[in-house]
Amino acid sequence: MRLSCNWPELGSRLETNMLDSVMKNGKFAFRLLLLGLAAFVAPARSQENPYIVTYDHYLEEPGNLEVEYFSTFGTQRGGNDFHAYWMEFEYGATAWWTTEAYFDGQTTFNDSTLFTGFRWENRFRLLQREHFINPVLYLEYEQTSGADKILKEVEGHDVEADYAIPNAIARKEHDHELESKLLLSKTFSGWNIAENTIATKNLTGGNPWEFGYAIGASRPLALKASAKRCSFCPENFIAGIEMYGGLGDRYTFGLHDTSHYLAPVAAWNLPSDWTLRLSPGFGLNDNSHRFLLRWGVSREFSGFGSAVSRLFGGRR
Amino acid sequence: MTARPASIRILHIALLVALAGCPVLGQKEKKEKEDAYFPGKKDVYAELSKAPRKATARRNPLERDPEAVAAGAKLFDLHCAECHGDMAEGTHKGPSLHASEVQQATPGTLFWILTNGVVRRGMPVWSKLPEPQRWQLVSYLKSLDSAGATSH
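One line per chain: the protein sequences are R and V, in this order.
Sequential numbering from 5 applies to the first sequence in the numbering used here.
Sequential numbering from 79 applies to the second sequence in the numbering used here.
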């Protein structure tokens, strides 16, 4: 898809048109995919947390596939506002290992629409049982362009000005990153408290390790379940708050030149197998976007692993 | 009255023995089928005995809640039936919960296993459900008839 460097403007325009087409077809493909999944596997209802950036220690149930779509609308000083989005396919390989693929894209208003890369994430539960604090190891490989704006995590010296660069320039930067996180989480009296420590290494260009954090707390609106199936029962709603930001890099560790956000979060687990999430985020310093509005929709499918296994002659 | 030939008498006796043996054979077949469903069930049941004494002694605070069983049944349908079967009869992903090992376990033990899961055997931890919901599930599990499936 990449064109000759001699005609960058024409190439960029052509590529944008092609990607627009891919995005439109992508939406169609997503609908087809959902239909296909619905035909072969049963939907599963689970209690999803409301976090968008923070991870707790709960993994996907084994054999289940969760298909998720998320959006981030961001205001941008010194540039154009943007709408970034990503698809997640989260699969519970075992009760202690969840693997996930992400596909990112973004539209910058008055600029262009781009596919900005993919990520492959793995989470490993380190202890078999519940403890006072429950650690999970997170390892991710990502191949994204400099135009990626999903802000799934904030690390190092990521600041708002980085996102003001026009897509045609930003997309020329290619990042191959290895990202690790230590996820610590605890649930007590209905409250979940989670803390993530992030360490990221860009494998291109001898960049230093960069660090970041995310913390979150959430609680269902009711702890007891009602006896009847209902959409608006308070136990279906989980509300909370999360805070995330960068901690500099190996050479300049700390809060200098970093951005930080505080975001109320809410999730609605519908009995019709869907989960909706909403989170308005607010920048906490001058380096942060003033406002980020995130929302997401997800659906979990049980028995995906068995369905795939059956396709290849496995046990029914 | 004519005497039946010896061969017919032997045939009748053989038939009676075969019929008498059917339930035993049927049970054996059922057991083999259950084992084939979820071969690791012994490990899962064995996990029940690992619950700490303090956990096993816990009483269900919702024991007398008239809605607990119905709410537990709803939660079971939402979160557990996928692996343990709609009637908790067991599937290839999870063992039967009508088994005596489960039915004879104390409410505290069931609560403990729900909280901790049996991760190496595929059962996730369910501490993400608030404590009252886990106790509602325990109420439902204890209401299951160990002799057979109950509807919910």
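Any given hint could turn out to be false.
[What the hints assert, rightly or not] Computed list of lysine-lysine pairs in DSS-like fashion (alpha-carbon distance at most 30 Å, straight line):
| hint | chain 1 | residue 1 | chain 2 | residue 2 |
| --- | --- | --- | --- | --- |
| 1 | V | Lys-220 | R | Lys-190 |
| 2 | R | Lys-205 | V | Lys-128 |
| 3 | V | Lys-128 | R | Lys-190 |
| 4 | R | Lys-232 | V | Lys-128 |
| 5 | V | Lys-119 | R | Lys-190 |
| 6 | V | Lys-120 | V | Lys-220 |
| 7 | V | Lys-128 | R | Lys-176 |
| 8 | V | Lys-171 | V | Lys-120 |
| 9 | R | Lys-232 | V | Lys-120 |
| 10 | V | Lys-132 | V | Lys-119 |
| 11 | R | Lys-205 | R | Lys-232 |
| 12 | R | Lys-176 | R | Lys-190 |
| 13 | V | Lys-220 | V | Lys-128 |
None of these hints come from the bench; they were simulated from the model.
Identify every previously stated hint that the structure contradicts and give their numbers, smallest first. 2, 4, 7, 9, 11, 12
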